[in-house]
Amino acid sequence: MTLQMTTQLKTQATTQLTAQLKVMIDVQGLSKTFTLHNQGGIQLKVLNNVNLQVNAGECTVLHGESGAGKSTLLRTLYANYLPSQGAINIWHRHEMINLATAHSRLLMEIRKETLGYVSQFLRVIPRVSTLDVVMQPLRERGVCEAESRAKAADLLTQLNIPERLWALAPSTFSGGEQQRVNIARGFIVDYPILLLDEPTASLDQRNSEVVIKLIQQALSRGTAVVGIFHDAVVRESVADHFFDVNREAEPAAVDF
Amino acid sequence: MQSEPLLRVNNLSKLYAPGKGCEEISLDLYPGEVLGIVGESGSGKSTLLTSLSARLEPNAGEVLYRNAKNEWLNLYELPESERRRLLRTEWGVVHQHARDGLRMGVSAGANIGERLMAVGQRHYGNIRKEGLRWMEDVELDVSRIDDKPNTYSGGMQQRLQIARNLVTHPRLVFMDEPTGGLDVSVQARILDLLRTLVRDLNLAVVIVTHDLAVARLLAQRLVVMRHGKIVETGLTDQVLDDPQHPYTQLLVSSVLTP
Amino acid sequence: MSAATIRDGYNFAYLDEQTKRMIRRALLKAVAIPGYQVPFGGREMPMPYGWGTGGMQVTAAVIGADDVLKVIDQGADDTTNAVSIRAFFKDLTGVETTEKTREASLIQTRHRIPEAALQEDQILVYQVPIPEPLRFIEPSEVETRKMHALEDYGVMHVKLYEDIAHFGHIATTYAYPVMVNGRYIMDPSPIPKFDNPKMHQMPALQLFGAGREKRIYAIPPYTDVKSLDFEDHPFEIQQWDESCAICGSHESFLDEVIMDDLGTRSFICSDTDFCRERGPIEESINMPVDTPIDTPIDILRETL
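Residue numbers (the UniProt record's numbering), protein chains in the order written: chain A, 1 to 256; chain B, 1 to 258; chain C, 1 to 304.
Think of the hints as simulated: they come from the structure by calculation, not from any bench. Glycine residues also receive a C-beta, built at the ideal position from the N, C-alpha and C atoms. Hints may be right or wrong, so weigh each one.
As the list claims (entries may be wrong) - Covered, in the sense of this in silico footprint (three residues per stretch, anywhere, with C-beta under 8 angstroms from a C-beta of chain A), are these stretches of chain B:
no., stretch
1, 140-152
2, 189-202
3, 217-228
4, 246-255
Turn these sequences into a full structure, and let the hints guide you.
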């Protein structure tokens with residue numbers, strides 16, 4: 001898809017388009033280099049001229065060997081890492097916004113409304129109950145206590161977290177349980193874009209299937225998903241496209 | 001999203017001696033936003049906080065505040081009475097040491113009620129009711145409302161200090177190491193309380209801390225200070241996960257993670 | 001004024017004229033800003049601090065040869081403090097002194113306001129131990145002066161709040177803080193709160209002198225003086241079920257006195273002049289006609 005077409009899309013009223021055609025993420029010439037100032041100023045070139053588009057309702061799976069920069073790309077898409085070069089355009093409130101140049105205030109808004117991210121690790125305030133942890137993104141969007149609670153309970157049930165654990169803080173949970181809490185927290189808001197960093201890494205098959213179902217539901221709602229999945233079964237069941245992340249060569253984007 | 005800031009700082013400098021204090025600070029704070037100021041001791045973060053909260057006149061620069069009536073006020077051009085009025089109505093200040101922010105000689109209820117009385121509330125029953133409600137909100141035992149704060153534990157004193165500040169529903173709260181001297185377990189409760197209050201009351205907060213974990217959990221945006229100057233600023237997780245400045249990288253890599 | 005009546009070697013009213021002028025300037029400022037504490041160059045008086053040196057300096061600065069002076073201590077004209085101060089001024093000014101409130105043009109008082117309503121041509125001088133009403137909560141003078149300047153008075157109600165929280169009512173009974181002329185919070189000196197309403201719109205000029213703290217403040221005639229309170233705990237004055245055992249008064253401030261070793265108690269007027277003016281109740285007290293009246297307590301002792 002060309003930039004011209006993207007611009008065209010931007011100008012057309014969304015109602016005229018089916019959700020499936022909408023470009024949600026448009027990455028142009030993205031490079032990321034880490035400079036380690038305290039280790040002699042070593043430069044680590046992780047991403048080099050990455051171009052990637054993701055449409056609404058489609059799942060793009062990032063592909064590549066370990067250390068190729070899959071996580072780096074995903075984190076850069078979430079504005080967790082600063083791009084060194086290039087643009088990351090995100091469809092937010094009826095326009096394309098470049099994360100690389102957006103003010104942090106706008107980034108916060110985009111994360112609250114548009115960009116969801118499920119990391120590998122759960123990072124929350126200790127001693128806060130599981131239910132509250134899961135509800136939090138909804139509460140921050142101003143959804144009322146009761147509705148948030150109901151939705152959190154529903155997700156935790158789907159993800160097989162026994163109700164007796166809901167009042168406990170997740171820090172005492174096993175790795176798999178923590179990951180499921182993290183997933184519940186990520187899926188509780190219907191973000192238009194969802195970034196998933198190995199959400200099934202420490203899950204058994206039964207729970208992996210639940211996650212697959214959740215991803216498929218999100219896709220059918222028109223969510224654009226970008227993910228890293230090591231589990232081949234999960235990968236195959238959700239992927240619409242694969243995107244090769246390779247730090248050495250010019251990345252070859254899979255043709256849509 | 002409200003597009004206009006609540007607090008606007010332009011080129012603020014407050015130097016006690018060359019390199020001591022804070023220098024050429026510019027930043028904006030928006031309603032409902034939590035801004036963290038991090039840096040090691042002596043980096044000028046507390047000086048900056050005191051200057052921002054109208055308690056220390058800067059050598060240069062200005063601090064502008066948009067009040068509840070939507071008027072922009074230049075803090076250090078205001079008469080002192082007006083600055084004090086802001087401090088007990090639209091603002092709150094939570095000190096690291098609760099005894100700096102509490103009246104240790106009077107009861108918890110009086111500590112909470114003081115700001116209400118200062119803004120002219122003269123109904124004892126209502127003041128007391130409000131005191132009890134806030135005791136509950138910050139998870140203090142309401143039966144201890146008539147006890148003096150020096151009979152409270154450190155964590156309880158800190159919660160009382162928070163209640164005392166929030167009772168007039170401020171729009172902007174300044175916090176200096178609010179969980180500084182507390183046990184880790186108590187810290188967590190205070191952090192959770194603060195985060196809930198920030199969300200429910202749509203507070204804007206400037207929080208000074210040297211604890212990056214506290215900053216990560218509370219602040220949405222971060223300002224990193226060194227030698228009195230801002231060396232880096234951005235989204236909290238971005239600054240902590242992908243620090244750009246050599247000093248920030250050093251700071252982040254020096255943290256012990258259990 | 002006849003020089004012969006003044007003790008040899010002393011200036012009229014003890015203080016030198018320069019000092020009196022300085023104090024008068026402070027008094028003028030105090031009258032101009034009702035309730036505001038004016039610092040003044042307090043002098044050593046020939047008695048220790050705490051004995052009314054502040055009040056005496058104010059009295060010395062305003063007293064003239066035509067004045068009629070009355071001095072009371074806790075309402076009584078005949079206690080050590082009152083007697084000494086009265087004797088002091090009699091010795092060093094030669095003015096006429098009186099025990100009768102109505103006859104006095106200048107009244108120096110410690111801890112009471114006379115029961116009889118004061119008039120426009122009278123001046124009431126209070127002896128003040130601690131002039132700063134905010135001192136109990138704020139030890140710094142710099143800060144309290146700032147608080148007054150900025151009308152930062154929230155803490156005053158904190159004290160009353162504490163009273164209600166601990167006792168169920170405002171338990172402060174003396175030195176009860178007042179708002180003067182809607183602007184300055186003022187300590188009325190340790191008068192019982194019973195006397196507070198008398199300060200409001202008083203026709204007489206009220207002057208306050210604190211010797212140790214070197215502060216002067218004033219309430220000009222006909223000034224609003226409001227006792228601080230809460231809407232649901234309004235200001236109230238003390239009341240007694242008893243009446244004065246001597247004059248039978250129900251409306252004056254009563255002192256409780258122990259009559260004997262068995263702890264028998266009785267109540268009598270604190271204002272001795274007021275009590276005497278009313279006269280003893282015929283039925284209860286048989287006053288020997290030809291015996292000179294001593295003090296109410298003496299009367300009581302003799303008659304009971």
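Now for the hints, and whether the structure bears them out:
no.: 1; hint: 140-152; verdict: violated (count 0)
no.: 2; hint: 189-202; verdict: holds (count 5)
no.: 3; hint: 217-228; verdict: holds (count 3)
no.: 4; hint: 246-255; verdict: holds (count 4)
Figure legend: structure checked against the earlier numbered hints; the only hint not met is number 1.
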